[in-house]
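Student: Residues per chain, in single letters:
2 protein chains.
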Amino acid sequence: MKALVAIDSFKGSFSSAEAAAIVAQVFRQYGIDSTGVTLADGGEGTSEAFLANQRGGRWEYAMVHDPCGRLIKAKYAFVPDERVAMIDAAMASGIQSVKTDVGFVNPVMTSSAGTGELIMAASRQGATKIIVGLGGTGTTDAGIGLMGALGAKLYDSYNQLLPANISSINLIDHIDLSEIATKRLQLVACTDVDGPLTGTAGAVQMFGPQKGLTDANLKDFERRFQHFAQQVDPINQGQLAGDGAAGGMGFALRLLGASVVPGFQMMSDVAQLADKIAATDVVITGEGQLDHQSLHGKLPVQVAQIARRFHKPCLCVAGSIQLTPSEVHAAGFTTALSLIQQVTDLERAIREGKQNLRLLMDRVAPLLLLLESKNV
Amino acid sequence: MKALVAIDSFKGSFSSAEAAAIVAQVFRQYGIDSTGVTLADGGEGTSEAFLANQRGGRWEYAMVHDPCGRLIKAKYAFVPDERVAMIDAAMASGIQSVKTDVGFVNPVMTSSAGTGELIMAASRQGATKIIVGLGGTGTTDAGIGLMGALGAKLYDSYNQLLPANISSINLIDHIDLSEIATKRLQLVACTDVDGPLTGTAGAVQMFGPQKGLTDANLKDFERRFQHFAQQVDPINQGQLAGDGAAGGMGFALRLLGASVVPGFQMMSDVAQLADKIAATDVVITGEGQLDHQSLHGKLPVQVAQIARRFHKPCLCVAGSIQLTPSEVHAAGFTTALSLIQQVTDLERAIREGKQNLRLLMDRVAPLLLLLESKNV
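One line per chain: the protein sequences are A and B, in this order.
Per numbering that gives the first Met the number 0, residue 0 is the first one in the first sequence, and the count goes up by one each step.
Per numbering that gives the first Met the number 0, residue 0 is the first one in the second sequence, and the count goes up by one each step.
I should point out that these hints are in silico values taken from the structure, not numbers from a laboratory.
Computed from a prediction, not measured in an experiment: that's the story for all the values here.
Yeah, the Cβ is synthetic: ideal placement off N, Cα and C, and Gly gets one too.
Hints may be right or wrong, so weigh each one.
Stated by the list, open to error - No farther apart than 27 Å at their CA atoms in a straight line, the calculated lysine-lysine pairs in the DSS-like style are these: (1) B:Lys-1 to A:Lys-311; (2) A:Lys-72 to A:Lys-182; (3) B:Lys-98 to B:Lys-74; (4) B:Lys-152 to A:Lys-1; (5) B:Lys-1 to B:Lys-311; (6) A:Lys-297 to A:Lys-311; (7) A:Lys-311 to B:Lys-74; (8) B:Lys-152 to B:Lys-128; (9) B:Lys-311 to B:Lys-74.
As the list claims (entries may be wrong) - For the chain A half of the interface with chain B, some residues (derived, Cβ under 10 Å), not all of them: (10) Phe-13; (11) Glu-17; (12) His-295; (13) Pro-312; (14) Leu-314; (15) Ser-319; (16) Ile-320; (17) Leu-336; (18) Ser-337; (19) Val-342; (20) Leu-345; (21) Arg-347; (22) Ala-348; (23) Leu-359; (24) Ala-364; (25) Leu-366.
If we strip away everything but chain A, and leave its shape as in the complex, we get (with noise of 0.2 Å):
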């Protein structure tokens, strides 16, 4: 019997590789062969999941700005023989930098700039294809900083030369992208949310609360994008899925010329996890709360489908489940089981994460054996 194993992170109690790493172990003391496949959505630990998938791959550093400015060293995962990075946008341009004890950064002296000097770092170090993950990052400025840290000219009505931060956006008439630094990039966008970068599900209005927009700069923020967009990408006007993502920070590595692709879908490719899913003979997937967020698009649910896809039966663990079992059914799973099987309180449950996960698989993997069994 062959398993593989692709389950999300439990945050706070385990990572996707701890997991696989867990479930291996106790499937090795019943026969069960275990395969673990780390895998990632375009979030935060993109890059390390990419890194986990590849040969030959280490990290790089670099020196960038933060979103505040302050220079960090931010790293990025490269792999010299096919001279490709991937990069978390996150680790120049993260939320947590823009957090304070007493509140948020005020957005509009927030940048992007990071993610571009880090982009032109893997560049100089050779990569020739740059993947970048676009969650986790606390910036909303349209991508302007990214730009500007790539070359891209934005000019006002009288063509003057503005600064290439949020607060010349309501003056920006056009942008001279024939200078950027990533022209013979191969540069490709991993995003964790669809989203457009105006409107309710965009940058401003879905995400911006989250880092930091207050009620009073909502409207004009999500105004100013609305103008940018119309004056830079008079087509599509900032709708095309994706551009909301990172705060506009997929618009402007579309503009940029980079492909853009839900992050799940590349690293299931750069995992192969269609070709591993064909080849076992069940599926173990999880997180820490299964719910209706779940269902749109999160991991497990993602593995779920291809599960199907190849009539593989695919059990979910996670920490709390919010879902019915026929919520659970219809999103692809063959039953989901919770890591919780006794009396406890969420911090316990956190903190004994881990035992509880070795402990289901143990109760689990009799039944799969059965399986088995009924086969020979």
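For this one, chain A is given, so just place chain B on it according to the hints.
Tutor: Relative to the frame of chain A, chain B by itself:
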């Protein structure tokens, strides 16, 4: 796919019959045929389970004396066609009668006579075979009250008739059973414990304290029980398995000619459990708490042993699982899963027991169906 459900009651949550009904209801939605078997182990509820497995059985009622000599209405199961009755000793001599707000009734004042009276009532009703379940009683009188109620005569060494109660115990020299009312009856004593009358695993030392025996009278009782056993049972001296059941009623019934059988064995025979397990695809059993006590022959483990004999997968569901996965396996279960599947406290877990059982079965059923699809 066919499932056999033999789940013990979950105290405070649901009865054995309710559990079977819940499982059947859920499984039906998945096309799994589910048969419930009501079992018991000689403890409280055994007559109810007995009745559930008989055609044409009914409750009969009789006025009897409770352990403290108060007249109460007690019931027993009666199957007219087969002239068989099943009595729970707890109905006439239950532990609830010897508990007060401030502690226990003095054990010297309590008597098992009521159980004898219930046997008499069943006999008058026409029963020729009377099964007595010995769990849940509150008396520790070596069954002397019961003997007296059935016509046994107790004499001292001067051949003087003694009152048939515990206060006579150290004066008893011999018993006259020539005129007992149960002579032509087939008596069966069902025990849920296999301890002897005396000794550390006996009626006094092991079970006396939970019925009100204090440190002060424990030694005294033990000594008198030993004397009694030597006088009236010189060969076995009260050391046979089950003699210690129900404060010594097991011993008394044996002296009166009863065959003593473990309750689970009797009930599983009545319910034709082995035949039913042989004809099923999977067995579902369970109890409130699966722990080391369970390993000493409690209902789910006995069910699992039979399932293993017939090579049937056996799933144990429990509110709380105190055994390790390997202990669970060694006990005969394929695996055990907890009803608890989320962060919760004990009170809520008990209150939500029924819906948790329903939910767990909803999560397990799809896994069982996998077995079937492999089978095709």
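Student: Each hint needs a verdict: does it hold in this structure or not?
Tutor: Here's how the hints hold up against the structure:
no. : hint                   : verdict
1   : B:Lys-1 to A:Lys-311   : holds, 23 Å
2   : A:Lys-72 to A:Lys-182  : holds, 26 Å
3   : B:Lys-98 to B:Lys-74   : holds, 20 Å
4   : B:Lys-152 to A:Lys-1   : violated, 72 Å
5   : B:Lys-1 to B:Lys-311   : holds, 11 Å
6   : A:Lys-297 to A:Lys-311 : holds, 19 Å
7   : A:Lys-311 to B:Lys-74  : violated, 55 Å
8   : B:Lys-152 to B:Lys-128 : holds, 23 Å
9   : B:Lys-311 to B:Lys-74  : violated, 37 Å
10  : Phe-13                 : violated, 18 Å
11  : Glu-17                 : violated, 20 Å
12  : His-295                : violated, 22 Å
13  : Pro-312                : holds, 5 Å
14  : Leu-314                : holds, 8 Å
15  : Ser-319                : holds, 6 Å
16  : Ile-320                : holds, 7 Å
17  : Leu-336                : holds, 6 Å
18  : Ser-337                : holds, 4 Å
19  : Val-342                : holds, 5 Å
20  : Leu-345                : holds, 5 Å
21  : Arg-347                : holds, 9 Å
22  : Ala-348                : holds, 6 Å
23  : Leu-359                : holds, 9 Å
24  : Ala-364                : holds, 8 Å
25  : Leu-366                : holds, 6 Å
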